[in-house]
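Novice: Chains as they are written, first to last, in our numbering: chain Y, 2 to 335; chain A, 2 to 335; chain G, 2 to 335.
Calculated from the structure, these hints are not laboratory results.
The structure displayed is predicted, hence computed values, not measured ones.
All residues carry an ideal CB built from backbone N, CA and C; glycine is no exception.
A few of these clues could be false.
[What the hints assert, rightly or not] Simulated restraints, written as ranges between beta carbons of each label pair:
1. G/52 with Y/218: 33 to 41 Å
2. G/165 with Y/180: 53 to 61 Å
3. Y/190 with A/284: 37 to 45 Å
4. Y/48 with G/179: 55 to 63 Å
5. Y/190 with A/23: 25 to 33 Å
6. G/52 with A/143: 53 to 61 Å
7. G/283 with Y/252: 58 to 66 Å
8. G/151 with A/49: 37 to 45 Å
9. Y/155 with A/266: 46 to 54 Å
10. G/262 with A/241: 54 to 62 Å
[Claimed, not checked] Pairs of lysine to aspartate or glutamate, DMTMM-like flavour, derived with a Cα cap of 25 Å:
11. G/162 with Y/19
12. A/287 with Y/47
13. Y/299 with Y/271
[To be verified] Chain A is faced by these chain Y residues, among others (derived, beta-carbon under 10 Å):
14. 4
15. 5
16. 7
17. 49
18. 53
19. 77
20. 78
21. 82
22. 93
23. 94
24. 160
25. 161
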Amino acid sequence: QSSVTLFGIVDTNFTYIDNANTAGDNKYGLGTSGNATSRLGFRGVEDLGGGLKAGFWLEGEIFGDDGNAAGFNFKRRSTLSLMGGFGEVRLGRDLVPSYTKVSSYDVFGQVGIGQFMGWSTWGQSTSTPDANGYRQDNMLAYYTPNFGGFTAGLGYGFDEKASGHDGRYMGGFAAYDNGPLSVTVALDRRDIGYNVAPLVYDGKKDMLSIGASYDVGMAKISALAQQSRFKDVPASSDRKVNSYMIGAAAPVGAGQVRLQYALYDQKAIDSKAHQLSLGYVHNLSKRTALYGTVAHMKNKDASNLALAAKGLSTTGAGAGESQTGVQLGIRHSF
Amino acid sequence: QSSVTLFGIVDTNFTYIDNANTAGDNKYGLGTSGNATSRLGFRGVEDLGGGLKAGFWLEGEIFGDDGNAAGFNFKRRSTLSLMGGFGEVRLGRDLVPSYTKVSSYDVFGQVGIGQFMGWSTWGQSTSTPDANGYRQDNMLAYYTPNFGGFTAGLGYGFDEKASGHDGRYMGGFAAYDNGPLSVTVALDRRDIGYNVAPLVYDGKKDMLSIGASYDVGMAKISALAQQSRFKDVPASSDRKVNSYMIGAAAPVGAGQVRLQYALYDQKAIDSKAHQLSLGYVHNLSKRTALYGTVAHMKNKDASNLALAAKGLSTTGAGAGESQTGVQLGIRHSF
Amino acid sequence: QSSVTLFGIVDTNFTYIDNANTAGDNKYGLGTSGNATSRLGFRGVEDLGGGLKAGFWLEGEIFGDDGNAAGFNFKRRSTLSLMGGFGEVRLGRDLVPSYTKVSSYDVFGQVGIGQFMGWSTWGQSTSTPDANGYRQDNMLAYYTPNFGGFTAGLGYGFDEKASGHDGRYMGGFAAYDNGPLSVTVALDRRDIGYNVAPLVYDGKKDMLSIGASYDVGMAKISALAQQSRFKDVPASSDRKVNSYMIGAAAPVGAGQVRLQYALYDQKAIDSKAHQLSLGYVHNLSKRTALYGTVAHMKNKDASNLALAAKGLSTTGAGAGESQTGVQLGIRHSF
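Looking at chain Y on its own, in the form it has when it is part of the complex (with noise of 0.2 Å):
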C-alpha cells in the first residue's frame, strides 16, 4: 500500500575490547550498531485536510550479528502523532522529549564506543523499564512547531501503577537553532521505585541535560553537561553523576573525523572516569558508509565504567582499570 514507506539500516562490525571484564579478558568479534543503530521501521503520514495530519511509525531493532535471536519488536518506536499548525501530538512508547534533541551533541550520535555515555543506567543500583532516560512507554508527549528556530517539547509517561508512581516519567526540553549555532536543554524526573520486598522504596532520578553545538565551518564543536541525580534511593546516600563532553566533527573528503572526550563524575563512589574518543567515517554513497572508531575508557578509583560494545556482551574492567576498544564496521541503510 502506498501510504507505507519500509525503512531501516543494518550496521554490523568487527570490535576488539581488552580488559572486557574484571578477569582482564580481552574480547573479539562481531558487534551491531556502532555507526547508527541497526533497525527496521513502517511508517506513514495521512494528510486530513485543513492543515491536520495524522501519522504513525513503528520501528524496532535490529541485531545483525545474532539475527535477533530475542525476537523482533518494536520497542524503538510505537507511535501515533497528530501533526498541524499548533505541532505535533504523540501517543506511545518513543524516545523521550528530554532525551532526543540534546542527545544529539554527542559527536558519536550515541551509537558505538565512542558515544557520551551519561544516559547510561550505571548511576543506579536497581533498575525500573526504561530507568535509562531514553524511552518510554505509554507517553504523551508535545512538540511544538519551529517558532523562529525555537523548538520545545514535553512528554509524561503514564506509570499506569494502582498505587505509586513507578516508572513514572515528566520531561521536556527547550532548544534555538540559529545557523551555526543550537543550544539546547532538558530537564526530566522519573519515578524509579521498587517494590520487590525486602527492597521498597519511592525513588526519583532527576536529570539536567545541557548542549550546544557551534558549526566553524572546517569542523562543527559540540558540548553537553549533565546532572543525573538520585532521590531517595537506597544504599549508601542520595547519589549524583555529572558527567560532560566535548567533542568536534570535521568533513574530509568523503568522509567525516570525529573527536571526543567525555568526563563521568561519580559522586556517589567519589570516583572519575575520562573516555577518550576518535572515530572516522567514509561514505561509500548517501546510504552506504565505513567506519572506524578507537575509544578509551580511563577509570579512576572505584570507578569501572564499559565501553558501550553492543553484541559483544563487555562488562566493565576491575574498578580503576581502563578499556580501549577497536570498531571496524560497515553502515548500510535502506
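Please arrange chains A and G on chain Y, whose structure you already have, making use of the hints.
Specialist: Here is chains A and G on its own, set in the frame of chain Y:
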C-alpha cells in the same frame, strides 16, 4: 514485490478505569486497540487461472503503548488459502469460523471497554491455548461461497496430541444476509482438558451463539445470545454462562453513535453482571478516526467481571463491585 | 522505498507420523515447511559504482501452523554484504559456507519428512548454539566469484568468549559446476565445549561433506557422503556418524517426482538407520505448488532417529523401531 500488500492499524487511547482491582484503586494511562485492534500484516492473492486462486495472510498484533514489549508474532492470522467457485479452503492459525461472522453483531466490534465479552475466558477456571474461543492453531477451515445470501463455514483444529484431544476445536456457522437483515448461528466444541497432576481432567467447552442485525435506516439494531457450557471440568458442578447483548449503531454526520447493553448470567456462581456501553466514533478520513467510549460493568452477587482495557492490565473489582471506564483514542489505518 | 524487496514463502501441510514417540502413538495435524521453509524477509542491493555493491538481507522463519507463537526474529539470515569483482564479503548471522552449497544435493531440499538428515544434531549428546551445522552467529564469510564453473566460500564464526572458544565455527567449501555435472566438497569445525559444572569439556565437531549431481536429461541424480566426528566430548568414546544419500528428481508434466535413500551409520552406538523418501511436487504456477511426500525411517539396533515433521513435535520411536510419515501440503511464494 507487487504481490504483497502491507497493511495495518495503530489504535492508541487514553483509558481510565475505576475499581481497577479488588482494592478499589483507580487506574489510568495509555491503552491500545479501543476502536480496532492494532495490527501489522502482509497478505497477497495469486490468480492461478481456471477460477482458482491462492492466497496468504500473515498478521500480528501491534501494542502501540509499549512497542510490543513481549515481541512481535503472527498469531492474529497465519494462513494459506485455495479459493475458487467451490469457496475457500484455509490452512493455519486463524479466527475460528464459529467466531468470525457471529461476533460481528457486537456493536463495539469486539474491542475496547464497550465490547460484548461473551467470548472471554472468565467462565473457566483453567485455560488451554486459545480456550477463549477466538482463534485456533493447526486449523483446517472451509468457507462456502455466497449462495443468494447464505454463507457457511466449518473448521477443525487439530490437537496434535499423542494421546487425548486437549486443544482440539470443531465448529462452524451458517448465516443469511439479505438487504437490511443479517442472521447467524454458530456452534463449536473445544477439548479443554488439563494434564498437570494433580489436576487431570478431560473437559469440553461447548458454545452456541446466535446473532442478528437489522438496519432500520437511521440505525442498525443488533442482538446476540450465547451459551457457553463446560463439561467434565473440576470445581463445583459443570458450569454454564449465558450471555445476551442488544445494541444499536447510528450514523451521525461524519461519525457514528453506538449504544449497547449486555447481560452475563454466570450460572455456576449464580451471579449476573450487566454492562452498558456508549460510544462515539468521529471519522477524520476513511483511514483515521477519533473515538470515545464510556462503559459501566455492574457486577451483582459473586460476579467480578472486568472491562476490557487492553494495555492497562486491570482486573475485576471485588465480588459484586462495579467498574466504570472511559476511553478516548485515535485509530489510524494504513 | 524502492530499495527494499519484501519476499517470503508460506508452506503449510497435513502431516501424519506413526510411532511418533517411544510409546508407539501416532500423531497427525498441521505442519509447516514440508516443501520449502516458510519465511518472511526484506532484502536489497545498492550499486555503489566502480563495480562495488552493498546489500542487506533480513529473513526470519514463518510458522503458519501456530502464527509464530514463539515470536518472530531474523535468525534465518541477517547479513550485510560488500560485493564486487573480488566476490562477496558477508557479515552477520547466516547459513555457513560448508552447508549452503553442498546441502543442495539433497533431493528434498533439506525440508520435510523426506530430507537427508546428516546435519541434524542427533549425533551429539549436548548442544551449543547452532551446533547442528546450519547457521552461525557473528560470522565473517567470503565467497569467490565464479571462475569458469569453480566457486568457493570460507567462513569464520567468532565465539565471542572471554576464555575458551565454545561456539566458534571455521569452514568452507569448493565446488565445480559444468553443464550437467556438479561436485562440492565442504569441511568445517565447530567448538562445542560445554561449561555448566559438573559437565565441563572442550569438544570439537568436525564435518566433511562431499556431494555431486548429474543431470541425465530425464532425471537428475544426486549423491552425498558425510562424516561427522566428535572429539573430546564426554560419554563413551569419541563419536562418529557416517551418512550417505543417493537420490533422483525427474520432471513429470507440470510436476516433479523425487526419490531418495539415505543411510545413517551411527558408529558410537554401532547402529544404522535407513531412510527412504518418495515425493511429488505439482506446480500450480511458478509461485504455488501442491506436494505430497511419503517417508520411512527404518531404525536398526539402538538407533531411534525421527522423521523431521516440523510443527508436529514428534520424537524418535523406541530403539530399533521404525517410523513412517506422510505429508500433503501447499507451498506459496511471494
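Novice: So, for every hint listed, does it hold in this structure?
Specialist: Outcome of the hint check:
Between residue 52 of chain G and residue 218 of chain Y the Cβ separation comes to about 35 Å, which falls inside the hinted range of 33 to 41 Å. Between residue 165 of chain G and residue 180 of chain Y the beta carbon distance is about 56 Å. The supplied range of 53 to 61 Å therefore holds. Range check, residue 190 of chain Y to residue 284 of chain A: Cβ separation about 38 Å, and the 37 to 45 Å hint holds. Taking 55 to 63 Å as the suggested C-beta distance range, the pair residue 48 of chain Y and residue 179 of chain G conforms, at roughly 58 Å.
For the pair residue 190 of chain Y and residue 23 of chain A, the supplied restraint of 25 to 33 Å holds, since their beta-carbon distance comes to about 31 Å. Remark: the range hint 53 to 61 Å for residue 52 of chain G to residue 143 of chain A is upheld by a beta-carbon distance near 54 Å. Distance hint check for residue 283 of chain G and residue 252 of chain Y: the Cβ-Cβ separation is about 60 Å, which falls inside the suggested range of 58 to 66 Å. Take residue 151 of chain G and residue 49 of chain A: their Cβ atoms lie about 40 Å apart, and the range 37 to 45 Å holds.
The beta-carbon spacing between residue 155 of chain Y and residue 266 of chain A, approximately 48 Å, falls within the hinted interval of 46 to 54 Å. Checking the proposed 54 to 62 Å range against residue 262 of chain G and residue 241 of chain A shows it holds: the Cβ atoms sit about 58 Å from each other. For the hint pairing residue 162 of chain G with residue 19 of chain Y, the CA-to-CA distance comes to about 13 Å; that is within 25 Å, so the pair holds. Straight-line distance between C-alpha atoms of residue 287 of chain A and residue 47 of chain Y comes to about 10 Å, which keeps the hinted pair within the 25 Å bound.
A hinted pair counts as satisfied when its Cα atoms are at most 25 Å apart, and residue 299 of chain Y with residue 271 of chain Y qualifies at roughly 15 Å. A hinted interface residue such as residue 4 of chain Y counts as satisfied when its beta carbon comes closer than 10 Å to some beta carbon of chain A; here the least separation is about 5 Å, so the hint holds. The beta carbon of residue 5 of chain Y is positioned within 10 Å of a beta carbon in chain A (closest approach about 5 Å), and the interface hint is therefore held. With a cut of 10 Å, the hint placing residue 7 of chain Y at the interface with chain A holds, because the nearest CB-to-CB distance is about 7 Å.
Restraint check, residue 49 of chain Y versus chain A: the minimum CB separation of about 5 Å is within 10 Å; hint holds. At about 7 Å, the closest approach between the beta carbon of residue 53 of chain Y and any beta carbon in chain A falls short of 10 Å, and the interface hint on this residue holds. Interface restraint check for residue 77 of chain Y: the shortest CB-CB distance to chain A comes to about 7 Å, inside 10 Å, so the restraint holds. The beta carbon of residue 78 of chain Y comes within 7 Å of a beta carbon in chain A, closer than 10 Å, and the hint placing it at the interface holds.
A hinted interface residue such as residue 82 of chain Y counts as satisfied when its beta carbon comes closer than 10 Å to some beta carbon of chain A; here the least separation is about 9 Å, so the hint holds. Hint status for residue 93 of chain Y: holds, given a least beta-carbon distance of 4 Å to chain A, under 10 Å. For residue 94 of chain Y, the suggested interface contact is upheld, since its CB lies about 4 Å from the closest CB of chain A, less than 10 Å. Residue-level restraint check for residue 160 of chain Y holds (minimum Cβ-Cβ distance to chain A is 7 Å; threshold 10 Å).
For residue 161 of chain Y, the interface hint holds, the least distance from its beta-carbon to any beta-carbon of chain A being 4 Å, beneath 10 Å.
Checked against the numbered hints listed earlier, the structure breaks none of them; every hint is satisfied.
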